[in-house]
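Student: Sequence:
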Amino acid sequence: MQVVLNRRDKEQLVIKLREEGKTIREIASVAHLSFSDIGAVIRKIDGKDDGIEMKDLKNKSKGTQALFLFSNGKKPIEVAIELDLPSIEVENMQQEFWVLSQLDELALIYHEIKSHLTLFLRLFHIMKRNRLINEKDIQNALRHAADDLPSLEDRIYKLTNYVMDLESKKRVLKDTITLWNAQLSDLGRAIDIKNQQLKRMGK
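Residue numbers (our numbering): 49 to 251.
Some hints could be false.
[Said to hold, decoys possible] What follows is a list of derived Cβ distance ranges for each label pair:
#1 Asn-107 to Arg-177: 41 to 51 Å
#2 Met-175 to Leu-207: 22 to 32 Å
#3 Lys-218 to Ile-136: 45 to 55 Å
#4 Asn-182 to Ile-225: 52 to 62 Å
The hints are simulated quantities; they were obtained by calculation from the structure and are not laboratory data. Since the structure is predicted, the reported quantities are computational estimates derived from the model, not experimental observations. Beta carbons: idealized from backbone N, C-alpha and C, even for Gly.
Kindly generate the complete structure, drawing on both the sequences and the hints.
Tutor: Written out as structure tokens, the structure is:
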């Protein structure tokens, strides 16, 4: 029988897992809490100290040092180099920083689209350039895209078949031209032979 934990028990579990060095995602999986709830617990534990400097964190964990660097605007690659950490650990720590900074949705969205991040950014910049960044414009763009997609797919299918048909005809014409060239060559040799025969007869 599964034990149902109350709110306080879950907070204690978050603290325990945090001390074990678990990531936000791992804690969420075990404690069955949202990123927002986990972030609130961790913020309550850690507190804030605006006077902290990097030299004061040398005895702290790599995770704590990474969070400090992120809070000072460091990029992931800079954090990875400074702390000598693999990229996957830095990525997890960056998501943890987002959660602790109350950017929970950003962490969730990044996890879902990170393999397509370049495409999403390209789409965002296109829409921003065309001033289509309010909710109504985005809904209209998505609706038109959904309506036009089937017809676009049909056009692509027809054009693909058309190109394949042209390629087939091109191969047939190429073979025909090769055959004609061979026949012309044979005809030329036959004419040369006839001319030589006529010259000999003329003597």
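Student: Tell me if the beta carbons of Asn-107 and Arg-177 are separated by a distance inside 41 to 51 Å.
Tutor: holds (48 Å)
Student: Can you let me know if the beta-carbon spacing of Asn-182 and Ile-225 is within 52 to 62 Å?
Tutor: The hint (52 to 62 Å, Cβ to Cβ) holds, given that Asn-182 and Ile-225 are roughly 59 Å apart.
Student: 45 to 55 Å was suggested as the range; check whether the CB atoms of Lys-218 and Ile-136 agree with it.
Tutor: Hint holds: Cβ distance 50 Å, inside 45 to 55 Å.
Student: Should the hint that Met-175 and Leu-207 are 22 to 32 Å apart at their CB atoms be regarded as holding?
Tutor: holds (27 Å)
The structure fails none of the hints (numbered hints given earlier).
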